[in-house]
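Participant: Chain by chain, the residues:
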Amino acid sequence: MSDPLGSVFGALADPTRRGVVEVLLRDGSTSVPDLAAGLPISRQAVAKHLAQLEQAGLLERVPGAGREVRYTLRGEALAPAGAWLRDAERSWDRRLGRLKRAVES
Amino acid sequence: MIERAGERTEVSREVEIEATPDEVFEALVTEEGRERWLGEPDRLIQIESADPPNRLVWWWASEERPATRVDFRLVELPRGTRVIVTESVPSFPLATLAASFALVAA
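These protein sequences, in sequence, are chains U and X. Taking the numbering used here, the leading residue of the first sequence gets 1, the next gets one more, and so forth. Taking the numbering used here, the leading residue of the second sequence gets 106, the next gets one more, and so forth.
Just to be clear, a hint being listed does not mean it is correct.
Said to hold, decoys possible - Pulled from the structure, derived: some chain U residues nowhere near chain X, Cβ distances all over 10 Å:
| hint | residue |
| --- | --- |
| 1 | ARG43 |
| 2 | GLN55 |
| 3 | ARG67 |
Unchecked claim - Here are some chain U residues pointing at chain X (derived, C-beta under 10 Å):
| hint | residue |
| --- | --- |
| 4 | ARG101 |
| 5 | ALA102 |
| 6 | VAL103 |
| 7 | GLU104 |
| 8 | SER105 |
Said to hold, decoys possible - Pulled from the structure, derived: some chain X residues nowhere near chain U, Cβ distances all over 12 Å:
| hint | residue |
| --- | --- |
| 9 | GLN151 |
| 10 | ILE152 |
| 11 | ASP156 |
| 12 | PRO157 |
| 13 | ASN159 |
Hints in this document: simulated from the structure, not taken from any laboratory. Computed from a predicted model, the values in this text were never measured in an experiment. Virtual Cβ for every residue (Gly too), placed ideally from N, Cα, C.
For reference, chain U alone in the conformation it holds in the complex:
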């Protein structure tokens, strides 16, 4: 992908697709029939949303029972979230250290 950042933003710009990601965070995996049962849109529309999330690198297919195709979030897609949290913690440790020195001086 030439522009992974842009495709991720694009994939997540749609509220339905954000809802799909939230379902996956909650349930671990999902499928077109599962999602269509809980959303007021057709199976075709669900499949299209899943395809866009997959193209953005956020989802991957895993084998389900029989011929069922299930989707999960790619572990790597969420690993950077952990990086953000660690970065935020380190940044606040540094900032609070500077705040302490500034106020006490």
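Once you have looked at the hints, place chain X on chain U.
Facilitator: Same frame as chain U, but now just chain X:
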């Protein structure tokens, strides 16, 4: 792993400072005060609420980073002030993912 990442949407850190809550609050709420320690002029800060000298909440963002919420609580101690700061992302997963990918892309 994924479930754990999904549950955690904020970070919280704290520090004890040998100064009164009023002195600490001043360093947080005014631009002049922040210049003495924050040193991140690219971030735009919008104060959400101020309850001097106990609590200050701001939102901040920059071109690289989507908006996050920063909540300071100041607790008076016998010899100073405890500052507890909590930074949170407004809606997981969009904001966290976007922030994460922005970090990776930087």
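Participant: Does each hint fit the structure? Answer for all of them.
Facilitator: Results of checking the hints against the structure:
no., hint, verdict
1, ARG43, "24 Å, holds"
2, GLN55, "15 Å, holds"
3, ARG67, "25 Å, holds"
4, ARG101, "7 Å, holds"
5, ALA102, "4 Å, holds"
6, VAL103, "5 Å, holds"
7, GLU104, "5 Å, holds"
8, SER105, "9 Å, holds"
9, GLN151, "18 Å, holds"
10, ILE152, "17 Å, holds"
11, ASP156, "18 Å, holds"
12, PRO157, "15 Å, holds"
13, ASN159, "16 Å, holds"
In this structure, none of the earlier numbered hints is contradicted; all agree with it.
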